[in-house]
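Just so you know, the sequence shown maps onto residues 798 to 877 in the working numbering.
Don't take every hint at face value.
When the alpha-carbon atoms are kept at most 20 Å apart in a straight line, the in silico SDA-like pairs for lysine to any residue are as follows [said to hold, decoys possible]:
1. K803 to A842
2. K803 to V847
3. K865 to F809
4. K803 to E875
5. K865 to F806
In case anyone wonders, no lab produced these hints; they're calculated from the structure.
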Amino acid sequence: MRFSNKTRFLIFSTVILFSTYIGYLLGNAFCLADVNNGDCFNDIALYIFVVNLSSLLGTIILVNLSEKSITEWNQINEEE
798 MRFSNKTRFL IFSTVILFST YIGYLLGNAF CLADVNNGDC FNDIALYIFV
848 VNLSSLLGTI ILVNLSEKSI TEWNQINEEE
């Protein structure tokens, strides 16, 4: 079984929204901690990119494992 495209879109858009916010907060926090750095845009963009990348990879893996688990669960129930 696969999730519908609407469900996948909802899952991934929610992950992107929250991970972008977390990356923005991390970028701001570490930029404020570094007094010598005048321009924070590159730091914020880097943190947003890294957090989005890791969150999306983790979500892709979890969605695929969930679909596989649901498929196996349905097959076991059909055999009984």
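The hints, checked one at a time:
In summary, the hint linking K803 to A842 is not supported, as the alpha carbons are separated by about 28 Å, beyond the 20 Å threshold. For the proposed pair K803 and V847, the alpha carbon gap of about 26 Å is over 20 Å, so the pair is violated. Taken as a hint, the K865 and F809 pair is honoured in the structure, with Cα atoms around 18 Å apart against an allowance of 20 Å. Restraint check for K803 and E875: the C-alpha separation of about 27 Å exceeds 20 Å, so the hint is violated.
Restraint check for K865 and F806: the C-alpha separation of about 19 Å stays at or below 20 Å, so the hint holds.
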